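Novice: These are the residues of each chain, in order.
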Amino acid sequence: MAADVTVIGRSSVVRGRISGTGSLEIAGRVEGEVSVTGDLSVEATGLVAANLSAQRITVRGGAIKGDLTAEEGIVLEAGARVVGDLIAPRVAIAEGALVRGHVQTGGGGAQKSGAATKKQPAPFQRAATQPSMSGKNGPVTSRQPPATSIAKAPPAPTPPQPPAKKSAPANNTMPRGSILAGTRPQANKAPAPVVPVLKKGAKATQKKRA
Amino acid sequence: MASTVIGSGITIEGEITTDDDVVVQGTIRGKLTAKDGVTVEAGGVVEADIVSGPAHVAGTVTGNISSTDRVDLQHGARVVGNVKATRITIADGAQFKGNVDMDV
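For the protein sequence lines, the chains are A and B, in the order given.
With my numbering applied, the first sequence corresponds to residues 1 to 210, in that order.
With my numbering applied, the second sequence corresponds to residues 1001 to 1104, in that order.
In case anyone wonders, no lab produced these hints; they're calculated from the structure.
It should be emphasised that the depicted structure is a prediction, and the values quoted were computed from it without experimental measurement.
Mixed in with the good hints, there may be bad ones.
Lysine-lysine pairs mimicking DSBU-like chemistry, simulated, CA-CA at most 30 Å apart [as the list claims (entries may be wrong)]:
no., chain 1, residue 1, chain 2, residue 2
1, B, K1084, B, K1097
2, B, K1084, A, K65
3, B, K1031, B, K1084
4, A, K65, B, K1031
Could you build all of it, start to finish, from the sequences and the hints given here?
Specialist: Take a look at the structure:
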């Protein structure tokens, strides 16, 4: 069963859900959802608008819009374009790969590429919980890639999101503090436009990075 | 190369459109449209209408098959649905329930 490789040819379009055991190779277009137990590779001609879930995900090129979740590792090779989150014990992003999204790595001792022993879902669950307990993922991602590849892209994906998240609560707390301090009632009206303005700014910075 | 293969462990629920050959060893539910040939191998399950070039069926098809070329129902095939093609063969040992439509 596992030896069978499913291939989505370069002129093929699949709309819907792909699931099951075995490996999958995408050289065409896939829209929907992909969940396989084996290896998943996206070739240079692949266009994917779907959340991907597999044991190992290798992106040799092509474009992906959607979240990537692997139980063992994700490898983005040069030429890969990904808009979405990357979640795996090990994530490698090669120079020349483009990523926009949240990256979450983790798993005890899974930093080196030789640690291919983790095949059961259990270590992945541990990997998923550990980074959230340790806090921010920025340091994790910057630490991770040198083990497998050159760290050029990782700093890029992390900055766009945290500033947007951090700036919004920061502005919410500021007016609250002023209300508690008993300042003018105008302070209640002011925060409403402030938040959308910052959201626009956040989008603009994202567009600049694109 | 270049063809599309649905492996035996894989299930696709949705629509497949391709200019290539399609080989089905797994399961497809939805719709299958191929400009070139479609092969449903033994163990393959297609619960979908098939529009294709030459079609070779050795697995299970539940749905209508419309081919611009020929349809071969091979030994072990199980087809429930109408078949429309220019040429049709039904091998000994193939199960078939449905109408046949040929250009006469």
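Novice: Please work out if K65 (chain A) and K1031 (chain B) have their alpha carbons no farther apart than 30 Å.
Specialist: holds (24 Å)
Novice: Checking one constraint from the list: CA of K1084 (chain B) to CA of K1097 (chain B), max 30 Å. Satisfied?
Specialist: Since the Cα atoms of K1084 (chain B) and K1097 (chain B) sit roughly 13 Å apart, the hinted pair holds (cutoff 30 Å).
Novice: Would you mind confirming whether the straight-line C-alpha gap from K1031 (chain B) to K1084 (chain B) stays at or under 30 Å?
Specialist: Status holds; Cα separation ~16 Å.
Novice: For a C-alpha distance cap of 30 Å, please report whether K1084 (chain B) and K65 (chain A) respect it.
Specialist: violated (39 Å)
Violated hint for the displayed structure: number 2, the only one.
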